[in-house]
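Kindly generate the complete structure, drawing on both the sequences and the hints.
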Amino acid sequence: MSEFLQFLINGVAVGSMYALIALGYTMVYGIVSLINFAHGEFMMMGAFIGALVLHRLQGTPLVVALLIAMLASGLIAVVTELVAYRPLRNQPKIFVLTAAIAVSVLLQNVARLVFGSSAVAFPASFPEGSIAFDSLGIWIEYSQLIVLCLSLVLMVGLWLVVNKTKIGMAMRATSQDLEAARLMGIDTNLIISFTFFVGASLAGAVGVLYGMQYSVDPLMGVQPGLAAFVAAVLGGIGSLPGAMIGGVLIGVIENLVAGYLSSTYQSAITFLILILVLSVKPSGLLGRMTVVKV
Amino acid sequence: MNLILNFLSELGPTVYSSLELIGVYVILALSLNMINGMAGMFSIGHAGFWAVGAYSAAAVTVHDPFGLAGPAILLASIVVAMVVTGIAGLILAVPCLRLAGDYLAIATLGFAIIIVTLLYNFDYMGAATGISTPTHGGKAFVWLMVLVTLVVYYRLQFSNLGRTIQALREDEIAAQAVGINRVRLKTLVFVIGASMAGLAGALYANSATYLNPSGFEFDQSIKLLTMVVLGGLGSITGVTLAAILLTLLPEVLRLFSLESYQMIVFSVLLLAMVLLRPQGLMGRFELWDLPILKRWWRPNGAETHA
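Note that the protein sequences, when read in sequence, are chains L and G. Okay, so the first sequence: first residue is 1 according to this note's numbering, each after it adds one. Okay, so the second sequence: first residue is 1001 according to this note's numbering, each after it adds one.
Since the hints were made in silico from the structure, they are not lab data. In this text, a Cβ means the ideal position worked out from N, Cα and C, and glycines have one as well. A portion of the hints provided could be inaccurate.
Stated by the list, open to error - Derived coverage of chain L by chain G (criterion: at least 3 residues anywhere in the stretch with Cβ under 8 Å from a Cβ of chain G; other residues may be distant):
| no. | stretch |
| --- | --- |
| 1 | 105-111 |
| 2 | 261-271 |
As the list claims (entries may be wrong) - Chain G stretches covered by chain L per the calculated footprint, using a threshold of three residues with CB under 8 Å from any CB of chain L:
| no. | stretch |
| --- | --- |
| 3 | 1114-1127 |
| 4 | 1272-1281 |
Listed below in structure tokens is the structure:
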């Protein structure tokens, strides 16, 4: 029982990071119906830029480095959208997807060229130690607690932006009906850029957290990116609460699989979940079903 | 100047020694072209099918379960590879093809990742260290198979079935309205494309002396996608040419010792093509549109271009 609870806690900690990445997928999908394959790379870029800031400017507070990483990831996403996705918006979907894959591979290899291909340790780390609950036989590490708290703060922040601000209202309107939103005088291009910015800056924040917990390398965005995508689909793509729930669920399932079976098959299980969701309930847990009409 | 002369003198031997690999990539690119170009689906995990083909062929040639020898074992390995890969395609297609294109993309990507993960842990076939494979056929045999593939592809494209597939690509709803069974047809294309990749895998297992799971990672799927996009989705002539050129590209980069830029070149090329020339290098031009050939070579009912 205590073993199970421990896996559960580890799963929720990783899952909250997946949830933050999944939010970016789901927001972008909700607004332009595009699976942004490069989203995991925005996270990787955030990790590298955070590490670079801490490495070059010794003594920078971690919070400042985190904010710079978020800003930089957001800007990379805005530029990506402007250069690679926007010109293809009215083209067949297959071309935008191809562009997204190309950007993803390009960013990975640019990072490999600039930062080297081997994994490097992040310049900062979480405080060591944990809170033990002896009666249950489980413990929560400080790092997990910090990840959880920060994820919660960011999610609440996102919720406030989407639901309580004017630009958030414009985002919701654009995702409901882009044409109608434009007719109401909303600058939809600006809203799309803003959505990419917000989604990628969340991914950038995860990059820093992920880097602190594990290490930084050019391919670090691939596995969490795919897990988060599956999380977004599981939760119902286009739905923000769905992405959060999906992220935590995927994190928990991965940890249970790794704990009871083997960590080798972690990503295989993730994709098995994807295929199951797609065959049984493609709209996900909280998504709306869309029907293509003539 | 010296560099260029040096390059030209090395190009010939490089091309000659890459002939088998070129043939393998031509078949692979054509098989992906059938799925992505002819049928308008979107697969980005094609290296997974290639890996299944290569490893199931190697299982036959290395472990020899049928007790064969010589060319017979090569033919047996090709048949096994094509059947196994076709079944893999069927298993993937059944849950995925009912869905929109972008989900299929992710599912194929996941499939490719799972295959590579399994191969890394598959002790019977050498796991992460890889496995040595015997060679039973030379360059001529590979190119004979390329020729067969080209003829089969060409015949299929201008057959009743090929036209139905293309109608489905152009407008799914209209095609369904005239009685085309969308799921059945797409599954069929997916299986044919997969088993063609299986053929390429068997040929690769034959000509490469050594198989390793790392040779079938995601960057290989990206290379294949670049070939298809560069050649023009759906074009036979364009994709064949693009496959030849892009197989040689890493070799050419190596001559200039720029091989570490390989994937940057591929991804920039891919991005530039979709942004600037999405119809591919030659658009809808095919070999039979050449004025010399036009008079006596006309595919059944093909439109005239150029």
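Can you take a look at whether the stretch 261-271 of chain L is actually covered by chain G? Rule is 3+ residues, C-beta closer than 8 Å. holds (count 6)
Claimed coverage, the stretch 105-111 of chain L by chain G - three or more beta carbons nearer than 8 Å: holds (count 5)
Taking 8 Å as the C-beta cutoff, is the stated coverage of the stretch 1272-1281 of chain G by chain L satisfied by three or more residues? It holds, with 3 qualifying residues against the three required.
Test coverage of the stretch 1114-1127 of chain G by chain L using CB-CB distances below 8 Å; three residues minimum. Per the Cβ count (4), the hint holds.
The structure is consistent with each of the numbered hints, conforming to all of them.
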